[in-house]
Each structure stands twice: as C-alpha cells, then as structure tokens.
Amino acid sequence: MCDCIFCKIVKGDIPTPRLYEDENFIVIRDINPLCKVHDLIITKKHIKSVNEIEKEDEKIFASLFTVAKKIAAMENMAESGYRVVVNSGKDSGQAVPHFHAHVLGGEDLKGKLQGM
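37 is the number that the numbering used here gives to position 37 of the sequence shown; each next residue is one higher, with no gaps.
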C-alpha cells in the first residue's frame with residue numbers, strides 16, 4: 001500500500017478540489033500557499049523526483065509546461081507573469097516525494113520566494 005499523500009489525492013482517497021486534470025496530471029491548490037496563487041501540478045504516475053524520470057516518462061513531461069500555461073491563464077496571471085518551480089530531493093526543499101511543479105504568481109514576485 002502506498003503512503004504517498006499525492007497518490008492518495010490522485011486516486012481520490014483524499015478528496016481535494018481539482019483545478020485541472022488530464023491523462024497525466026492533476027492540478028490542485030497548495031494547502032500552504034507561499035503567495036497569492038500557489039498551485040501544484042502533480043503527476044498521476046508516482047515518480048519520486050526528477051531523478052526517477054525514465055525514458056518512457058518523456059511523453060508525460062512533454063506536456064508539463066502546456067499545463068502550466070493553461071493554469072496561468074485560468075488564474076489570470078499569464079500576462080503579468082508567474083513562476084514554474086520544480087524541487088528535486090530533500091535538500092532542494094521537496095517536501096513530498098512525488099513529482100510536482102509549483103505554479104506561483106498573482107502578485108509581484110520580484111524579491112520574494114528567493115529560496116524557491
């Protein structure tokens with residue numbers, strides 16, 4: 001049995017509102033937002049980190065930035081700007097060992113979130 005919180009969210013074991021979903025990703029709001037908009041793009045497949053991406057996963061990741069672009073448009077920050085951040089491993093600050101990208105914005109981020 002998988003104890004991964006993101007796997008439980010993907011499977012629906014932990015009910016969480018989804019902003020977006022396709023065959024490879026779900027997008028949810030971060031429960032501890034670091035700025036006005038802080039969404040998470042989570043792989044449906046359990047991939048622990050960037051270091052565990054395999055050749056067969058390339059199709060999944062080919063659309064990651066297209067999803068980020070859609071989220072930025074949905075959150076009305078495509079024109080003003082946003083960040084897409086991926087942490088890999090505990091020393092980077094990756095808190096959940098399941099691949100996810102942070103989409104951050106909705107406000108001026110210059111000088112903020114320097115450790116991201």
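None of these hints come from the bench; they were simulated from the model.
Just so we're clear, the structure is a prediction, and the values are computed from it rather than from any experiment.
Where a beta carbon is used, it is the ideal one built from N, C-alpha and C, also for glycine.
Among the clues, some could well be false.
[What the hints assert, rightly or not] Think about it this way: if two alpha-carbon atoms lie no more than 25 Å apart in a straight line, the pair counts; the simulated SDA-like pairs of lysine to any residue are:
no., residue 1, residue 2
1, K11, R29
2, K70, C2
3, K8, L113
[As the list claims (entries may be wrong)] Restraint ranges, calculated between C-beta atoms of paired labels, are given here:
no., residue 1, residue 2, range
4, E23, V96, 31 to 37 Å
5, E21, V96, 15 to 21 Å
6, F61, K90, 33 to 39 Å
7, E23, V86, 17 to 23 Å
8, E52, N76, 30 to 36 Å
9, K112, E23, 31 to 37 Å
10, E58, I14, 26 to 32 Å
11, K55, N76, 33 to 39 Å
12, R29, P97, 18 to 24 Å
13, E23, G111, 18 to 24 Å
14, K69, K36, 29 to 35 Å
15, G93, D3, 18 to 24 Å
16, H46, Y20, 28 to 34 Å
Taking the hints in turn, this is what the structure says about them:
For the hint pairing K11 with R29, the CA-to-CA distance comes to about 17 Å; that is within 25 Å, so the pair holds. For the proposed pair K70 and C2, the alpha carbon gap of about 30 Å is over 25 Å, so the pair is violated. Between K8 and L113 the CA atoms are separated by roughly 28 Å; this puts the pair beyond 25 Å, and the hint is violated. Checked against the hint of 31 to 37 Å, the C-beta distance between E23 and V96 comes to roughly 21 Å, which is inconsistent with it.
With their beta carbons about 18 Å apart, E21 and V96 fall inside the hinted range of 15 to 21 Å. At roughly 21 Å, the beta-carbon separation of F61 and K90 lies outside the given 33 to 39 Å, and the hint is violated. In this structure the supplied range 17 to 23 Å holds for E23 paired with V86, their Cβ-Cβ distance being about 20 Å. A beta carbon spacing of about 34 Å between E52 and N76 agrees with the range 30 to 36 Å that was offered as a hint.
At roughly 34 Å, the beta carbons of K112 and E23 sit within the given window of 31 to 37 Å. The beta-carbon spacing between E58 and I14, approximately 29 Å, falls within the hinted interval of 26 to 32 Å. For K55 and N76, the hinted distance range of 33 to 39 Å is satisfied, since their beta carbons lie about 37 Å from each other. At about 20 Å, the beta-carbon gap between R29 and P97 stays in the expected band of 18 to 24 Å.
Checked against the hint of 18 to 24 Å, the pair E23 and G111 fails, with Cβ atoms roughly 38 Å apart. The beta-carbon spacing between K69 and K36, approximately 19 Å, falls outside the hinted interval of 29 to 35 Å. For the hinted restraint 18 to 24 Å between G93 and D3, the CB-CB distance of approximately 20 Å keeps it satisfied. Distance hint check: the CB atoms of H46 and Y20 are about 19 Å apart, inconsistent with the given range 28 to 34 Å.
The structure is inconsistent with the numbered hints 2, 3, 4, 6, 13, 14 and 16, although it conforms to all the rest.
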